[in-house]
Structures are given as structure tokens and as C-alpha cells.
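Visitor: Protein chains in written order, with our numbering: chain F, 1 to 201; chain E, 202 to 943.
Since the hints were derived computationally from the structure, they do not count as laboratory data. As the structure is a prediction and not an experimental result, all values here were calculated from the model. All C-beta atoms, glycine included, are put in the ideal place defined by N, C-alpha and C.
Ranges between beta-carbon positions, derived for each pair: (1) E:Glu712 with F:Arg91: 43 to 53 angstroms; (2) E:Ser391 with F:Ser81: 38 to 48 angstroms; (3) E:Asp489 with F:Glu15: 21 to 31 angstroms; (4) F:Glu30 with E:Glu712: 52 to 62 angstroms; (5) F:Met34 with E:Glu712: 47 to 57 angstroms.
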Amino acid sequence: MAEKKQKAAGLATYEPSFAKEVFQNVDYGEKIKMCMQCGVCAASCPLSMVMDYSPRKIFYMIRAGKREEVLSSKAIMLCTSCYSCKVRCPRKIPVVDVMHGLANYAIRQGYVPREETMLFGKEFWKQIVRLGRIDEKDLPRRYFFSKGLIPGVKKAMELADMGIVMLLHKRMKLLPERSIKGAKELRRMLDKASAMGPGGR
Amino acid sequence: MSKKVGVYICAGCGIKDALNIDALANLASEEYSIDTIKTHENLCGKEGVELIKKDIEDGVNAIVIAACSPRVNYDVFNFGVDKVVERVNLREQVVWSHAPNDEDTQMLAEDALRMSIVKANASEPPVPFKAEEEYSKKILVVGGGIAGLTAAGEAAKAGYEVLLVEKEQRLGGFLAKNKKRVTYPYKELSDTGIDELISEVSGNPNVKVFLGAKVDEISGGPCLFDVKISQNGQEITDRVGSIVQATGWVPYDAKKLPNLGYGKYKDVVTNVEFEEMASQGAIKRPSDGGEVKSVLFIQCAGSRDPEHLPYCSSVCCLVSLKQATYLKEQDPEAVSYILYKDMRTIAQAEDFYRKAQRDGNVFIRGTVESVGEEGGKLYVTAQDELLGEKIKVENLDMVVLAVGMVPASRPETVPKIKAPEGAQGADAEGMIEVAPDSGFFANRALNLRYRQGPELPTLRYGFPDSHFICFPYETRRTGIYTAGCIRRPMESAQAEEDAIGAAMKAIQCIELTTQGMAVHPRAGDMSYPEFFMQRCTQCKRCTEECPFGAINEDEKANPLPQPTRCRRCGVCMGACPERIISFKNYSVPMIGDMIKAIHVPEEDEEKPRVVALVCENDAYPALDMAGVKRLSWSPHIRFIPVRCLGSVNLVWIADSLSRGIDGILLMGCKHGDDYQCHFVKGSELAKIRLSKVAETLQRLALESDRVRYVEVGIMDYHKIPEILDDFMKVIESVGPNPYKGW
Numbered sequence: 001m002a003e004k005k006q007k008a009a010g011l012a013t014y015e016p017s018f019a020k021e022v023f024q025n026v027d028y029g030e031k032i033k034m035c036m037q038c039g040v041c042a043a044s045c046p047l048s049m050v051m052d053y054s055p056r057k058i059f060y061m062i063r064a065g066k067r068e069e070v071l072s073s074k075a076i077m078l079c080t081s082c083y084s085c086k087v088r089c090p091r092k093i094p095v096v097d098v099m100h101g102l103a104n105y106a107i108r109q110g111y112v113p114r115e116e117t118m119l120f121g122k123e124f125w126k127q128i129v130r131l132g133r134i135d136e137k138d139l140p141r142r143y144f145f146s147k148g149l150i151p152g153v154k155k156a157m158e159l160a161d162m163g164i165v166m167l168l169h170k171r172m173k174l175l176p177e178r179s180i181k182g183a184k185e186l187r188r189m190l191d192k193a194s195a196m197g198p199g200g201r
Numbered sequence: 202m203s204k205k206v207g208v209y210i211c212a213g214c215g216i217k218d219a220l221n222i223d224a225l226a227n228l229a230s231e232e233y234s235i236d237t238i239k240t241h242e243n244l245c246g247k248e249g250v251e252l253i254k255k256d257i258e259d260g261v262n263a264i265v266i267a268a269c270s271p272r273v274n275y276d277v278f279n280f281g282v283d284k285v286v287e288r289v290n291l292r293e294q295v296v297w298s299h300a301p302n303d304e305d306t307q308m309l310a311e312d313a314l315r316m317s318i319v320k321a322n323a324s325e326p327p328v329p330f331k332a333e334e335e336y337s338k339k340i341l342v343v344g345g346g347i348a349g350l351t352a353a354g355e356a357a358k359a360g361y362e363v364l365l366v367e368k369e370q371r372l373g374g375f376l377a378k379n380k381k382r383v384t385y386p387y388k389e390l391s392d393t394g395i396d397e398l399i400s401e402v403s404g405n406p407n408v409k410v411f412l413g414a415k416v417d418e419i420s421g422g423p424c425l426f427d428v429k430i431s432q433n434g435q436e437i438t439d440r441v442g443s444i445v446q447a448t449g450w451v452p453y454d455a456k457k458l459p460n461l462g463y464g465k466y467k468d469v470v471t472n473v474e475f476e477e478m479a480s481q482g483a484i485k486r487p488s489d490g491g492e493v494k495s496v497l498f499i500q501c502a503g504s505r506d507p508e509h510l511p512y513c514s515s516v517c518c519l520v521s522l523k524q525a526t527y528l529k530e531q532d533p534e535a536v537s538y539i540l541y542k543d544m545r546t547i548a549q550a551e552d553f554y555r556k557a558q559r560d561g562n563v564f565i566r567g568t569v570e571s572v573g574e575e576g577g578k579l580y581v582t583a584q585d586e587l588l589g590e591k592i593k594v595e596n597l598d599m600v601v602l603a604v605g606m607v608p609a610s611r612p613e614t615v616p617k618i619k620a621p622e623g624a625q626g627a628d629a630e631g632m633i634e635v636a637p638d639s640g641f642f643a644n645r646a647l648n649l650r651y652r653q654g655p656e657l658p659t660l661r662y663g664f665p666d667s668h669f670i671c672f673p674y675e676t677r678r679t680g681i682y683t684a685g686c687i688r689r690p691m692e693s694a695q696a697e698e699d700a701i702g703a704a705m706k707a708i709q710c711i712e713l714t715t716q717g718m719a720v721h722p723r724a725g726d727m728s729y730p731e732f733f734m735q736r737c738t739q740c741k742r743c744t745e746e747c748p749f750g751a752i753n754e755d756e757k758a759n760p761l762p763q764p765t766r767c768r769r770c771g772v773c774m775g776a777c778p779e780r781i782i783s784f785k786n787y788s789v790p791m792i793g794d795m796i797k798a799i800h801v802p803e804e805d806e807e808k809p810r811v812v813a814l815v816c817e818n819d820a821y822p823a824l825d826m827a828g829v830k831r832l833s834w835s836p837h838i839r840f841i842p843v844r845c846l847g848s849v850n851l852v853w854i855a856d857s858l859s860r861g862i863d864g865i866l867l868m869g870c871k872h873g874d875d876y877q878c879h880f881v882k883g884s885e886l887a888k889i890r891l892s893k894v895a896e897t898l899q900r901l902a903l904e905s906d907r908v909r910y911v912e913v914g915i916m917d918y919h920k921i922p923e924i925l926d927d928f929m930k931v932i933e934s935v936g937p938n939p940y941k942g943w
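Looking at chain F on its own, in the form it has when it is part of the complex (with noise of 0.2 angstroms):
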């Protein structure tokens, strides 16, 4: 109630408790102390024009303590880890590993801010697990039709002149691929790594 009389007279708050929770629970989450609001991330970013808010902004809201606005916005689940901003932050940032550790955050704390980019990382994350690589024919498929069958039908019938390419370049079997050698393996090491916890720890 409080918080909306605010809204209404156009103040926001500074609240610093937002700012601990992201320092506490999101991976490198407390390097962003140490953001001194340049903007060569947000200048770097190929997907900044897409994106709610630029990489900059994010950090600069939550510490402004923006919770709302950061955990249900689009551009934490937009990076695409191309590292352009990491490599030239003068802080030191990990911008990419902070994004993504938002973007886990948020979608843990139940905010789903861009479906399709949930749906697609569960699908491939999927198949890495089970065959320790990805099936070109295999993850799309189950990307088009997680959604229903019109959806699928339709999102294929636009990427079909692509599909076909590749299968002439034999870029893409018909047939399902088989695991890597070693996927047993793989899927051990997974499972003790998130047996260790987040960050490693």
C-alpha cells in the first residue's frame, strides 16, 4: 500500500535489502557493488536494443533495490553469453555469470519472465543430460511441440527451407543421433556438480 502511494507520487525508494538478497543468493551476485554505471556493458551488448534493461541498468536497480522490475524482466534471460561485456568491464565484472545467476534466481523464485527462453534451455538441457550432446533434428522438435501441436506444426512449416538445407548438408540426420561415448560418465559428473551446490561450494 505504502509502496503504491509512492508510485503514485512518482518517488521511488532506495531500498538497500534487495541489494543483499542478490549478494547473497545469486552466483558472483556481490561484484556488482563494484559497478561504476560506464555503460560499456549495455554499449557492448548485440541484444541491448531488445532488452528491458541494459546490463548496466540491472545492476544500478538493484541497488536501488528494484526487485520487481529486475526478477521479471526480460533482459536477464536475453544474454546470450556472447562475453563482449565481460571482457570489457573495467570493474571486473562477470556481467555474464551475474545475468545468468539472475536469471536462475528469478525463475527459482517463481518469475518467469520470457517463457520461450525457459522452455528452450529445459529442452536443451535435457538432452545434454541424456546424450551428452544435442540431436539438430531431436531439440528443435521437442522445442516447436513443447507448446502444443498447432504451435509446432506451424514453427516448422516457417523453418522448413532451413530444415532442408541442412539435411542436404548433412547438418542434420532423420534419423535420432546416437549418445557420446562416455554419456554414463557425463551424467555422474553432473549429478555431483549440483550435488556441490551453487557457485561450486
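Dock chain E against chain F, hints included.
Guide: Just chain E, lined up with the frame of chain F:
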């Protein structure tokens, strides 16, 4: 001094390939009856110099060297202080910048030689000034803060006696009131170290400390400063050699800042007050002594604001970071917000900013709007630049205003004096506000008994005029050097360095003056202006126009020159309408003779003649550089180097015009707020005087276009041909001087 003149022409550096050297030698012999005329392939070499030295042994005592620019090889052509040496700039300004083997180039070389011979004949070697009174080598340091203490300590360690005058009852200034200091290497807080410095300096046997004292009066000049110090009703007099003013700063008055709640809410304090609180014990809420869990620092409180202090005080950002660190050390759970316009961490202090960030302080970039109170706690509203919205930070226990530094010299209200006749802006009582660059503006610290005012003239914002960007410790009063925050806002490590520099300059001044030499910028110059008082008409132009206030005045308005205060610029010489001022090697008749020595061709020969008076600091080097770059310009211009355009006496213009010279060009350094003129006001005065010449010219039926003043910076060498040829075009269009051949 009876003169035996020797003329030496160098054939090297391309001179013999461009000029007829024999013709030059003949000229010296026929027109000036000089017996000793020698030529050499390489005059600056060992053999060439030996040649000259041999002639000196045979009696030559006025040496005219027709070779390269006087700005080079002055060490090679140094034959002792009792000889007259004149340099003819045949290389850079004749051979390298004009067509070889050309009639006009030859005429140019001939005139240059004539002028130098005439000057050599008229010049006398300077005799260094030595006052009858005893010279002192002591140094007076006014102000006992970190700058004053460091200056005193360094001068004492160098072996000089120091008098250190401090108005408070204890030394240390503002640094003594600090809890900690942030200094090199700017990674963490360090102890102020002020107590050690105080005991080191007070303990030095060369230093005499006067606490609770002030300077009542200073009269005299370098090496002869008679100082009266008053302490507890007692008066102490002494003579000192030079002075370092390190009187420091005061914080900007926070009561003048609207909307920030200072004075209204007890928990709103300035950075100075916060520091004092922290240094005396724990940080507590001033209103009720309660815990401090959150503080907001408002940066640039009254700084970088045209309504308050337009400048940045450079240290306030670091100070707030330091104070936020105090709070974190006292209570790791406490939060500091820092509301800033820009985060300015000077020197290498970025590391300390990083530390403050690592500690978890919150940095908000924005502009403060108001400070208010709600439920016993403070809140601050601001426009957050990075969020793009208005924000409110609530539940603050304290708000700290990071106010800037005001130099101790800046008066609260501008002083007024009786307006001179005809002055504009006088109020009902005939009083007018004093200009900042007058010696009557600044708050009293030195109380100089100088005709031009008791304090150092100030430049912008009330800081003493530092005279020149390259010479930071210099002021417009010879022998007085400023150090520390009085000069500009600076942090403690910089103040220390500043003080060491000022101490060195103070020592330099003493050592040069005892030898009768000038200090900056004509360091080592032993000539000084002499006044032929019988013809003085007490017009007061020299006493008013001297840029350094070096001339006192008695009740009858007679000038009382103080040679140790003089910078030897010659502005007084240029000002005097009766022409009673002269130097042994630089005078009005000397330059007049040089002008008269120029051969002015008849009107029908269609060779115009222009005299260019060129200042030695910026314009002459620019000309030389243009020559080095082999740029070219009209051969009809005759260059006469002068010490400063301010030393140009208007009679030279009359002399030139009456000889049939078609035009006069004055080339000098920039003046104004960002002045380059080494003598501060010289070129400005030249410009003002020229504006009065226009009227005289009209009465003589001469076009005022014939006389032009042009600003030439030392880097403007590439513009030289354009400037000169432009002027020649104007001269050609107004036509030849009708007084030719008279």
C-alpha cells in the same frame, strides 16, 4: 665605458649561400667605422669562439655576432658580464625565411646588422643592484597548516632560517582536526601524521614558531622585507628574504544552500563538522546522541554551481568516501549513500573508490532536490539520473553536506574604495567595488606596504593570481610565493608537494636577489630600471601600471622604485611619457636609435618598410620557429625584439613614422583571463596605449591602419607568414608614408 666594437659574421648554416657576406662586412666598416670585422665558417665552434676571445684580449668589449638567433648558443657566446654582446639574427629570421641571393634579403640583413651595431654602441653592461641595507636570507612562512609546516620544514632542512607565523594557538590547520587521512597510495585510511610533522618542524633549530600571531605589516622587497609580527600584544620585527603564504581555506558557508536543511535540522551537518565529530569520538546523531545506522552524503553541495562556488574543490568526493569508511568501521551494518554529480577521485585515488564500493556503500548519481524530516528521521529527495526518475531515500539518521573550499583570501563582501574620477559604477557615496585583480581585494594576511595594495592580486574565484600556468607558485608580487589550498583546492599530499616547491622558489629568490639578479621570468637578469627623477612629472603611470606593484610612491606622487621587487619587464619604461626610465642595456633612446638606423628607401623604389616590435616570450620564438620550418614572409619587415610589449614606448611609433617607415606591427602574447603574457599585463597595456595613438595619427594625417597590434602565441609559428603578409597588404593599400625623405 669606451667601446671597441667587433663584428663577427658567421658563414655557416647556409648564411654564406644566401647573402653577400663581404658586402655586410663593408657596411660595418664604412657606415660605422668598425675596425675589427671577421668572418668565420662556423662561429659557434671552438675555433670561432677562440677567434672572438683573442680579439677580446686585444681590447674588444662590444661583440656583435651576426649568426643564429639569440635564443640559441647563448652559452657559447658568453664572454663575461662586463662585455656587451649583441646578436644579429641572420639565420632564422633572414637566411632561412627569405629568398637566397636576393636584393631584398640582402637589404634585410644589412638593416639587421645596422640595428645591432647601433644597439651595441649604446648599450652598457649591467651593474647588479645592491641595496645599502643588509640583505636577509630568512624565509617567512605565513600559515601553519600542512602546507606552511612542510614549507618551513623543507626550507629549514636546506639551511635557511624560517619564521613560521600561525594565527591559531596550535599548528596543524585543518589536517589536525581530521581523524584520518586518505593519501598516497590511496588504498586505505592512514594516520594524518600531523603531530609528527608539527614536532619535527617546531623542533628544528632553524624554525621559530609564532602561535596566536599575525603579520601586521610587511614593507620592502625580496631580501629586504621588513616584517612586523604581533603576538599577544607584543610586536616582533625582523627582516626576511622571501615569503611563503600558506594561509589555507575556509569551508563554504552551508547556510547559503537552500533546501538542504542546514541550520534547520540538527542532523544535517557539513563534511567539516562530520570530520570533527569523528575525530573526537564516535559518530552519533547530533540531535539526540542516538545511533547512526544510515547517512546520506550530498556531494557538490554548493559547488560547481554558478550561484555558489562555480568550481570543483577536488577533494570533497574523497572526503566523503573517507567518512563513509569511518561509518563502516564503526558499524559494519550501517549504510552510507553517496549522492553525486560525478565521482571525482583525483590522482590515483580510484583505488579508494573501489574500496568504498567493495565495502557496500551505495552510490546514487543524481541531483539533490530537498532534505526533509519525517518521524524523527531525515529523508532526501533527488532526481536520479541513472534510473531516470525522482527518488526518495528515507530513514536517514544524518545527512552530510560535502561543501567546497573557499580560499582564505576571498572576502565575504567585495571591498570598496573611493572611486577615481570618471569611473563608472560608483555608488551614492562615491565608492566603487575593487576589482579582484587589485591588491586591495583579498582578505588581510600580509599587509604589504605597497602602493598597489596590501595583498596579493587574485585571479578567478578569489585565489591569488598564480601568474602563469607554467609557474604555479608565482604570484604578482616578487618574492612572495603561495602554497597549498590558498592557491587552489587540493588534498594533503598535493599540498605537501606544493609547499616543497614554494620553499624552493623562496630560496631561489633569496639567492638570485643577493647577487643582484632578477627572478622569474628573466631569471639572472642583472639590469634594472633607473629613474632620472629630475624630469619626472609625477604622472603616476609607472606606479599604477607596473604589473608587480614594484614601485612605491611618496606623498608627492614621486615614484620610489624597489629594485629587488622588479621583474625587469620594462612596462614602466613604456608607460613613462617623459621617458625618464631606462635600463643599462635597454632604453627608449636605444630602440629609437635602432629604428633610425634602418635604411628607408625612397618612395619611388617601391620597397615599403615596416617595423615589427616583437615580444621576447611568445612572438619572437614563434618567428624563430617559422624560420626553422623554412616558412617565408615579406622581406620588408624589420624585427626589433623587446622584453615585453608593455615596454614599448609610444615615442618609438612617432620615431618610426617620422622616418618614413610605412607601418608598425606589435606582436605579443595573449592577455585577458587566460593570459599568456609572462608579465601579466604587458600586452594588454600595449593594446590600450595603441588605442590612444590612433588620435595622434589622425592629427598627423596618417592612417591609423599603419599601426597594428596582433596576438601571437608561441605555437602559432605556422600563422606567421599569414599575419605578416596580411599586414603588408594593408600597408600597400594605404600607400607609402608621406613623411618619407623628410
